[in-house]
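Q: Given only the sequences and the hints, what does the whole structure look like? Please build it.
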Amino acid sequence: MKLLSVQKLHKSFAGKTILSSVSFDLEAHQTLAVLGKSGCGKTTLLKMIAGLLDGSGEIQLNGNYVHTLPPQQRGIVYLYQEALLFPHLNVFENIAFGLRLRKMPEPALREKVDNMLEDLGLTTHARKMPTQLSGGQKQRVAFGRALIIEPRLLLLDEPFGNLDVETRANMQDFFKKIAQQQQITAMLVTHDLKEAVRMGDQLGYLDAGDLHIFDHLRDFIADPRTGMLAESAFWQSIQDAV
Amino acid sequence: MKKALLYSICALFALPFAYLALLSLATQWFYPALLPDGLTFVHWTGLHAGFFSALAYSGMLALTIGILSTLAGFLSAQYIAWHPWRRWALVLAYLPYAFSPVIYAHCIKFFFLVSNLAGQVTGVMLAQFILCYPFAFLLFFRHFDANLRAMEDLSATLGASRTATFFRVLVPVSKDALRLCFAQTFLISWFDYGLSSVIGLGQVRTLTVLTYQYIGEANTYLAAVTACMVCFPPLLLLWLNQRFVFRSETLQSETA
Amino acid sequence: MSVTAQKNTLYRRPQGHAALVFFLLLGVLPLAAGLVYAGLYSFGLIGYLRAGFTLQYWYITLTSKALWASLALSLGLAATVSAVSFFLALRCVIALHPHLKQRGVRFSLHLPLALPPLVAAFVSFQWLGGTGMLARGAHAIGLIQATDAFPVLVNDPYYIGVFVTLLLLNFPFILLLVLDQYDRAGIPEYVHLAATLGGNLAQIRRKVIQAILIHRVLPTLVLYTVFLFGAYEVPLLLGQQSPAMISVLISQKFSKFNLADVPVAYACAVLYAGVLLVLIACFWRWHFRQSPNSEHA
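Protein chains in written order, with this note's numbering: chain A, 7 to 248; chain B, -12 to 243; chain C, 385 to 681.
Just so you know, the hints here were simulated from the structure itself, not pulled from any lab data.
Please read all numbers here as calculations on a predicted model, not as lab measurements.
Take these hints with a grain of salt, some might be off.
[Said to hold, decoys possible] Derived coverage of chain C by chain B (criterion: at least 3 residues anywhere in the stretch with Cβ under 8 Å from a Cβ of chain B; other residues may be distant):
1) 400 to 413
2) 416 to 426
3) 533 to 545
4) 568 to 579
[Claimed, not checked] Some chain C residues flagged as far from chain B (calculated, every beta-carbon gap over 10 Å):
5) A456
6) F471
7) L480
8) H483
9) T515
For glycine and all other residues, C-beta sits at the position ideal for the given N, C-alpha and C.
A: Next comes the structure, spelled out in structure tokens:
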């Protein structure tokens, strides 16, 4: 079932085209990983889908047009590279933020947040302030804060870019697990080849405002722009040398 | 040696306050005595109504200016920080910010005279506001950075309305900046002498105006009393602020 | 719908314009109106002495030795106080860095921030004057016998009293600024690096610590110089009638009963604004050199 449908999304700024007629579909409960170099328009694409930036084109979510709606009404959460935890709220209250906006009754809110904390493995950290958390823990809280309001679509803008290699791998596993568990539909942009392949059910490549979605992983591998061939050749040459 | 230097600096910085307190309590302190003849509260207990009205004027002006400038600076900088002409606004804000208050007062005095605001408390209040507002604007302009904008965006995608984002995110996140701005603008108004004396035409007697009058009259003991009163609120603010600063520093070092 | 600007949808254009108008009205317009009024007055176009356009008052202003002496004195004193404050602060931070972060010491360092210029000037007067505390100390240890034997340190021709008081007021700000930048810049790491590259202690102080810190605090130092340039209360109490610092000189001209002095005072105010603009332009140049892409730096 198609959840997201983007048609002819276009954006220009100061006479320069940032996105040129981007169109693609995303199935429900799938993760689309978009690979692209810095400045290729990845963030602009996500922000336009989230409703944070103006532009032309059409966006449908579950068959309904949402591109005219403000970001508050789209049901799409956009997550930054930074965890951006609200510094005045503790872990529990950060996660509960969206539920409090929706005025959920206190007992139900507590139960839901407690469950989320358990899923995130953060039960013992519930009362801690953001400054008391590690980078990985902060990113988990950011996920929890987004997931708890059950968004229709999750947009991830290089969400693990600020983490060290080991934490990054752990967070990628964590996201895969929780995405399956909660049947999340997500779109992730990254410049990390390994991360794109690891996280994406579908793969895309964004270059100079043009998005190309690959039908199969083998097409992604075969496309020289993705750098996959060069990467495999490098490791193969190392192996051969040894 | 290092300790001696350190404590000398600390003592030097504390000395003016200790001296003023002692002078305000001195019965007589003539040359060449190194210490007063005796101590008395007579200069404090004998204060006349003019002193209390000056205290009330200064307090009322500083509180009003602190609140109004902070609110105006916060609300306008929030929008102007993302306005296409933001850089121009920033450049323009520096001139009134850096301008000598007394010269500023002389330049705008005519407008206050023709609008019958000169010599009035409201006139001094307006003049102090137009002096403090660019300061508050500059402070908040820097505060509304890309990180805070990203937080506003995130809050919106989590479903918060503009009002909810303002009260649940922007205001709590800006608590320190709001407190700092209030304290600073309160002090600019509280410390002001030049602007108040020119726009107030000597009729709006704030504590600093009264202090200057006592100094001019060579009424040293009363000048010391009013000077102590001028120093008291900033010292209190400093003490409260230090408590806050040290608490957050301790918290950060514990969690690092 | 064609988009020509990278505009955040949450940004509300009408409120943005309204905020800008409010800012221009209350933040910029009063000064602009005051300067336009001052300019018109100085050219004889308005005011009690208006008699049509004249350069007479500007001629008087620009040929006034007192004005140039005042500008030179104000700029020189402001720059000297800033420079001395910076170098003293630098020496203190290098020598006392870990101790300066102790709680009690930090509180003491903040104390002069609670001292208004008027009160600081009063205290200086009480300490540096002929019958002040320093003179009493000198008398007590037998250095002087009479008050006139004590050197003139207030209302003196060398502006010693003004300099000392402005230094007392300015030094703590600069000390706190340098201390803050010392920590933010990660100076100890650079010192270790320079040491491994073979630098001796003097070289490290001059070429690493001092160079890095000057670069980082220069914009703020320029801004403080601008504030000191317009200092009023301290030179009013402790300075001389002539040459007077610029704020005092302009105030004197406004306060005189001679009406012919008023247009000259306005011309001086316009000239002061011009010098201030140049100083602010310097500040901006340094500021943007350090953070060229950000107004928020």
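Q: For a quick check of understanding: which of the numbered hints are violated here, in increasing order?
A: When the structure is compared with the hints, numbers 3, 4, 7, 8 and 9 turn out to be violated.
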